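If you're matching them up, the sequences are chains A and B in order. At position 165 of the first sequence the residue is numbered 165 (this note's numbering), and the sequence of numbers has no breaks. At position 215 of the second sequence the residue is numbered 215 (this note's numbering), and the sequence of numbers has no breaks.
Hint data in this document are derived by calculation from the structure and do not stem from the laboratory. Note that the structure is predicted; figures quoted are calculated from it, not measured. The beta carbon of each residue, even a glycine, is placed where N, CA and C say it ideally should be. Among the hints, erroneous ones may be present.
[Unchecked claim] If you want a taste of the chain A side facing chain B, the calculated C-beta under 10 angstroms gives, among others:
(1) G44
(2) F54
(3) S55
(4) D56
(5) A59
(6) D60
(7) Q65
(8) L72
(9) L105
(10) R108
(11) L127
(12) S131
(13) S153
(14) I164
[To be verified] Between beta-carbon pairs, the in silico distance windows are:
(15) A/Q248 x B/S275: 40 to 48 angstroms
(16) A/A9 x B/I141: 42 to 50 angstroms
(17) A/K163 x B/G10: 18 to 26 angstroms
(18) B/H260 x A/T159: 48 to 56 angstroms
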Amino acid sequence: MSRIKEKFAELEAKNQKALISYIMAGFPNEKSTMSTVKGLIKGGIDIIELGFPFSDPLADGPVIQNASTVSLEKGTKIANFFTLVKKIRKETDTPLVLMTYTNILYHRGYSEFIAEAKKAGIDGFILPDMSVEESKEYLQAAKNNADTIFLISPNTSNTRIQKISKASTGFLYLVAVFGTTGVKTGIKKYTIDAIKQVKKQTKGKIPIGVGFGISTPDDVKKYIRAGADAVIVGSAYLKLIEKTPQNQLESKVATFTKSLKKQTIL
Amino acid sequence: MKYPKNGRFGEFGGKYIPETLVPAIEELEENYLKFKNDKKFKKELDYYLKVYAGRPTPLYYAKNLSEKIGGAKIYLKREDLLHGGAHKINNTLGQALLAKKMNKKRIIAETGAGQHGVATAMACAALGMKAEVYMGYRDTIRQKQNVFRMNMLGCEVHPVKAGSKTLKDAINEAIRDWITNVENTYYLLGSAVGPHPYPVMVRDFQSVIGKEIKSQMKKINNKTPDTVIACVGGGSNAIGTFYPLVDTNSEIIGVEAAGHGLKSKMHSATLSAGSKGVLHGMMTYLLQDKEGQVTETHSISAGLDYPGVGPEHSYYKDNKRVKYHSATDSEVIEAFLTLTRTEGIIPALESSHAIAEAMKVAKKSKKSESIVVTLSGRGDKDIEEVQNYLSKHVKN
Chain A
1 MSRIKEKFAE LEAKNQKALI SYIMAGFPNE KSTMSTVKGL IKGGIDIIEL
51 GFPFSDPLAD GPVIQNASTV SLEKGTKIAN FFTLVKKIRK ETDTPLVLMT
101 YTNILYHRGY SEFIAEAKKA GIDGFILPDM SVEESKEYLQ AAKNNADTIF
151 LISPNTSNTR IQKISKASTG FLYLVAVFGT TGVKTGIKKY TIDAIKQVKK
201 QTKGKIPIGV GFGISTPDDV KKYIRAGADA VIVGSAYLKL IEKTPQNQLE
251 SKVATFTKSL KKQTIL
Chain B
1 MKYPKNGRFG EFGGKYIPET LVPAIEELEE NYLKFKNDKK FKKELDYYLK
51 VYAGRPTPLY YAKNLSEKIG GAKIYLKRED LLHGGAHKIN NTLGQALLAK
101 KMNKKRIIAE TGAGQHGVAT AMACAALGMK AEVYMGYRDT IRQKQNVFRM
151 NMLGCEVHPV KAGSKTLKDA INEAIRDWIT NVENTYYLLG SAVGPHPYPV
201 MVRDFQSVIG KEIKSQMKKI NNKTPDTVIA CVGGGSNAIG TFYPLVDTNS
251 EIIGVEAAGH GLKSKMHSAT LSAGSKGVLH GMMTYLLQDK EGQVTETHSI
301 SAGLDYPGVG PEHSYYKDNK RVKYHSATDS EVIEAFLTLT RTEGIIPALE
351 SSHAIAEAMK VAKKSKKSES IVVTLSGRGD KDIEEVQNYL SKHVKN
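Can you build the whole structure from these sequences, using the hints too?
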């Protein structure tokens with residue numbers, strides 16, 4: 001069983017939902033990423049998504065775009081990213097999901113990249129520009145090596161929900177709103193409807209994580225109440241990291257994480 | 001390849017897109033397939049191409065240029081005479097009309113040098129629609145005139161300050177807008193790039209160029225040209241020129257921007273120097289580093305300044321149907337000046353890449369042979385750029 005699957009089983013037994021954080025590796029530098037991870041673990045995070053920067057992050061809003069640019073300028077490369085993952089792995093058994101764009105894996109070769117990532121301690125992948133139609137080679141390479149987490153949107157048809165959930169392992173990532181990451185918006189009725197629809201279509205076979213635009217404990221509470229199995233908070237973490245001095249990072253991240261995590265305990 | 005199965009030209013193309021865009025792309029393909037053979041739609045588009053854009057464009061025998069070089073006969077396909085000054089209007093009229101049929105109220109587009117933005121603004125004004133255009137901040141400075149032109153045409157221009165602040169970032173931002181406003185917005189892409197069906201749709205709308213070349217050459221000497229040449233950035237004027245001729249015996253050459261030279265990192269010659277990758281929804285050749293990060297490009301012509309290329313060009317490169325060469329900035333300036341002086345035609349710097357290649361090919365060819373060059377746009381927009389180049393590089 002994958003670490004992600006185990007985590008969801010463990011949470012279910014405790015009557016809890018999952019809190020997932022997204023942070024950009026190397027933003028604003030490698031040291032701060034380590035402190036952030038320590039804070040996340042202290043705060044009770046369930047799954048950590050680590051962003052690997054790409055030059056053209058077309059599904060991301062300004063906050064993550066900026067984090068990508070900074071991370072690349074600071075010299076984040078695949079090799080030092082995997083070294084960082086290994087370091088994190090030494091600290092924790094928390095599932096680690098790598099979020100990046102298709103070209104990063106394609107260019108190295110899906111099999112080679114996924115094998116290296118697995119060796120470093122990565123448990124799954126999220127590629128926002130990988131549509132299920134183009135995923136054959138990627139899925140073959142990931143099979144039995146890593147979870148493949150695909151995205152679903154509020155406008156995804158039922159037929160596609162079926163197709164995408166078949167290709168997904170670990171959890172399904174439901175995009176809460178029409179837009180890029182980090183959009184500020186209230187909770188829309190169409191999102192609540194989408195959560196219900198996806199749950200109905202997948203019949204509880206795979207957990208549903210909701211992300212994009214979720215930034216406060218109140219948001220977390222509302223999405224959990226609407227039936228989400230997990231909530232993903234990203235841009236809000238990056239904003240916190242950006243404004244917090246290095247020596248306070250671990251404790252500030254831990255406090256914020258605790259405030260979010262509280263809302264996932266039923 | 002007539003209509004690419006699963007959106008693939010061989011291994012190239014496809015739809016690498018965020019899930020939110022899937023319904024929009026499916027709707028687009030469905031409507032495109034419906035209208036492309038619809039008699040009423042074709043008639044309406046033909047009408048606009050003829051009386052609004054100025055088609056057919058002449059095929060001009062450049063006698064002075066040919067004689068100066070002393071080889072093959074060089075013919076110019078005068079897309080520079082179209083309304084707006086470039087081939088871009090062929091595609092924007094087609095897509096704007098399609099958007100209208102699809103009842104889309106809001107049009108967005110990206111632009112590099114501004115030619116596609118201007119052509120979008122014109123087509124939308126003519127068809128009574130509103131357009132917003134994303135343009136790299138650096139390009140809004142380089143091409144101030146075109147920003148003003150778009151504004152006058154009633155179009156809002158959004159400068160993009162992310163990344164390299166050029167065409168690729170303008171495309172990223174247009175895609176982000178489309179993801180956000182997917183329910184009412186039509187994305188009018190300007191080159192034969194992006195996720196399927198854009199590459200094939202843009203090719204089809206631009207194929208009027210190659211079809212006219214074929215029939216015009218037939219009238220002149222009852223055969224297809226020995227060689228056809230066009231410049232390649234994203235590759236829309238080139239694919240429009242080439243596609244109707246790929247099944248003939250014509251030699252076909254695409255010309256990329258070699259900038260300061262292929263060995264410098266200052267160029268945009270994707271097919272000559274790139275490797276396979278995924279960007280902007282398509283698998284194609286890209287300029288990228290060892291880690292798969294897309295690199296910045298350089299060309300004296302803003303319109304060729306793009307690190308990717310249309311997937312059908314990647315396909316023709318690999319199956320060797322088309323040869324892809326390149327021209328450096330200095331060769332381009334020389335071609336620009338030569339054509340201007342010999343024929344009184346000021347070519348766009350983009351098109352001057354094709355002229356530079358034609359001059360090389362003509363020299364080596366027999367007088368009985370014919371070369372057709374697509375003159376994709378006029379060069380008035382480039383006068384300042386040329387002036388700057390000359391004052392920097394040429395004494396006296």
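* Determine which of the earlier numbered hints do not hold for this structure and return their numbers in increasing order. => Per hint list: 1 and 16 violated.
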